[in-house]
Amino acid sequence: MSYKRPDRKEDELRPMEAKVGVVKNAVGSAMFKIGKTIAVAAVYGPRELHPRFLQNAETGILRCNYNMMAFSGSGNRVRPGPSRRSKEIALVTTKALEPALDLSEFPKTVVDVFIELIQTDAGTRCAGICAASMALADAGMNMKDLVCAVSGGTVGDVPVVDLDYSEESYEGGAVDMPIAMMPRNGEITLMQLDGVISKEKLQEAIKLAKKGCLDIYKLQKEALKAKYKEE
Amino acid sequence: MLSISKQYIHTLAKKGLRADQRKMEEFRKPITVEYGISAKSAEGSARVKIGDTEVVAGVKTEVGKPYPDSPGDGTIMVNVELLPLSSPEYESGPPSIDAIELARVVDRGIRESHSIDFKKLCVTEGELVWTIMIDIYPINAAGNLFDACALAALAALKDAKFPKLENDVINYKEMTEISIPLEFLPVSCTIHKIADKFLVDPTRDEELASDARLTVAFTEAGKICAMQKGGDYPFTEEEIDKIVNLAAEKTSELRQFL
Numbered sequence: 001m002s003y004k005r006p007d008r009k010e011d012e013l014r015p016m017e018a019k020v021g022v023v024k025n026a027v028g029s030a031m032f033k034i035g036k037t038i039a040v041a042a043v044y045g046p047r048e049l050h051p052r053f054l055q056n057a058e059t060g061i062l063r064c065n066y067n068m069m070a071f072s073g074s075g076n077r078v079r080p081g082p083s084r085r086s087k088e089i090a091l092v093t094t095k096a097l098e099p100a101l102d103l104s105e106f107p108k109t110v111v112d113v114f115i116e117l118i119q120t121d122a123g124t125r126c127a128g129i130c131a132a133s134m135a136l137a138d139a140g141m142n143m144k145d146l147v148c149a150v151s152g153g154t155v156g157d158v159p160v161v162d163l164d165y166s167e168e169s170y171e172g173g174a175v176d177m178p179i180a181m182m183p184r185n186g187e188i189t190l191m192q193l194d195g196v197i198s199k200e201k202l203q204e205a206i207k208l209a210k211k212g213c214l215d216i217y218k219l220q221k222e223a224l225k226a227k228y229k230e231e
Numbered sequence: 001m002l003s004i005s006k007q008y009i010h011t012l013a014k015k016g017l018r019a020d021q022r023k024m025e026e027f028r029k030p031i032t033v034e035y036g037i038s039a040k041s042a043e044g045s046a047r048v049k050i051g052d053t054e055v056v057a058g059v060k061t062e063v064g065k066p067y068p069d070s071p072g073d074g075t076i077m078v079n080v081e082l083l084p085l086s087s088p089e090y091e092s093g094p095p096s097i098d099a100i101e102l103a104r105v106v107d108r109g110i111r112e113s114h115s116i117d118f119k120k121l122c123v124t125e126g127e128l129v130w131t132i133m134i135d136i137y138p139i140n141a142a143g144n145l146f147d148a149c150a151l152a153a154l155a156a157l158k159d160a161k162f163p164k165l166e167n168d169v170i171n172y173k174e175m176t177e178i179s180i181p182l183e184f185l186p187v188s189c190t191i192h193k194i195a196d197k198f199l200v201d202p203t204r205d206e207e208l209a210s211d212a213r214l215t216v217a218f219t220e221a222g223k224i225c226a227m228q229k230g231g232d233y234p235f236t237e238e239e240i241d242k243i244v245n246l247a248a249e250k251t252s253e254l255r256q257f258l
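Residue numbers (the numbering used here), protein chains in the order written: chain A, 1 to 231; chain B, 1 to 258.
Bound conformation, chain B alone:
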């Protein structure tokens, strides 16, 4: 990014201002969640838009042998692909480190909150368990993919129904009415630090000018279930306190869109 653009964003941030005239703690509008965007193919699917950022997510299910150390547990898998369709910044090829981090942060939010009871994904202990595969793709990557991807994954999970299992083989042509056992929605929010100020829902330029970020996922009861710090600069303990409080407030706002 040009240093002059970075300077501009920092100068504005110092005054508590943003280039698109939003408040520091304000998300872009509109935020929309659309369900069943690939209903013919996927077990569950959703499209999330936050301002110009657009992300789609889909859920597929498979059955297979459980891991030997957890014979009674099914599992989930989260994959993010930063499509070159969605931004001139992305290139074809094996997943970039950014895509891997994104996928792992979304995965952790869902997995570590225990919002999906893996025991309920077991068909026959030691023999057959469900794997829930969540694939997330940005269509237009215009900043804050962390929150958009996490939201899209939750929406697709909420939308998903299991296909029919016949003699331990999946019949994808017949869906059941059984939803994925999702106890609650672990919504996350990413707070960025720019020039000692904190802001939410960065545009791509703000992301590039950001000093540091912290993603915090919350359970419905307001408990923290996953965190990830990124960026080049450190945080103090007081700053983390502040971020967690702001993220708590913002996630309850985001929750209303699901």
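Next up, chain A with everything else stripped away, as it sits in the complex:
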């Protein structure tokens, strides 16, 4: 079953926007919009970590929090508070960002990253990671690289990048594979996959996602520079 995208090429991302410094109270913050998915991230810290047994004497700890606003889902209202889904996303987000970050200068502390979704149309964890990595850079953290994330996959067996909600729920079957990477060395820090896919198609999907990440990388860097041009 062959699928044809109505409004963009198979290797094309949805229109994006990125802005740094959107939460004045935070140490660092950023907004990342891809298609209709809008994520805001704010960084607080490094600050003392409580309870103390969670502290690490060697290094600071990264702690991410992912939350969809109650009105941000496409169907019913999303119940406030953490769900199993949001906790898992927070975990994989932390793991996706950690390799880029060096918190060894701040032992016994925590750096908190709060990600909020204002509007969603699939790709929320990837948008959250993109926003969070810009927010961490904005906060002046020691980083090896930015982290860029986008989903690759197939819709009706056609390899595509950056699936939206209608594609994820495509009747002819879809595979959704969120990926995060550090573009400078090409290392992948997030990898999840839902759906059934051949090894060949998987390779193609990874290639498309990595290419997409490079487009995001460019925009993230522009957004970070733009903040300092204004000031």
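Bear in mind the hints are in silico, worked out from the structure with no lab data behind them.
Under 7 Å between C-beta atoms, here's a sample of chain B residues computed to sit facing chain A: (1) Lys40; (2) Asp52; (3) Lys60; (4) Pro84; (5) Pro88.
All residues carry an ideal CB built from backbone N, CA and C; glycine is no exception.
Please build the complex by placing chain B on the supplied structure of chain A, with the hints as guidance.
Same frame as chain A, now just chain B:
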């Protein structure tokens, strides 16, 4: 808050001055209201900025059985979550008492003004009614969340359209052109008392230094529809008079932004 910062704010207030050089009855600028900030997901949504304070609100609708004591009435629900994203003061976890008070004050302003006719939210009496759910989140909490949240809730309600109802089930993919039956906008304003002076739109520091506050909501016709006093110190009757007059003046100013 440091006692020296508190002293500073009080010393200034005694002279009728404020740390950011505003007049006592002056709101921060700019005040902006942006509609449809989550149009893909929410039935209605808005972003309100008052100076550095930024709040977003969204409306979702659901249908369900009415309460047994009001079989012909729909209802509303207001929820405020003080996101740790918006201030280093807030922590994750169950809603704090501040969040609950905020939500209830906003709720009361809308509910008790009868600006939404709950009868018009009824689909089938005793069987099916609409519930209008308003969720409010600060993005940057820099003082005066009371007025910002109330304004954002009204803006989101004004923006909202009902989704399509098919055989008593909501089809969220199809929106109608029907707005929420909002007869008028019950705008509220919070007046703070610091060192025997009254001021509006406090910064977060001013809030922490405040002796007492009174939130007053007004109907479009200038009638009072809800009030809430907060803070550690009492008011005299004369003071309440003064506050109500000031709030009346300020709410008509705020109304222009909606």
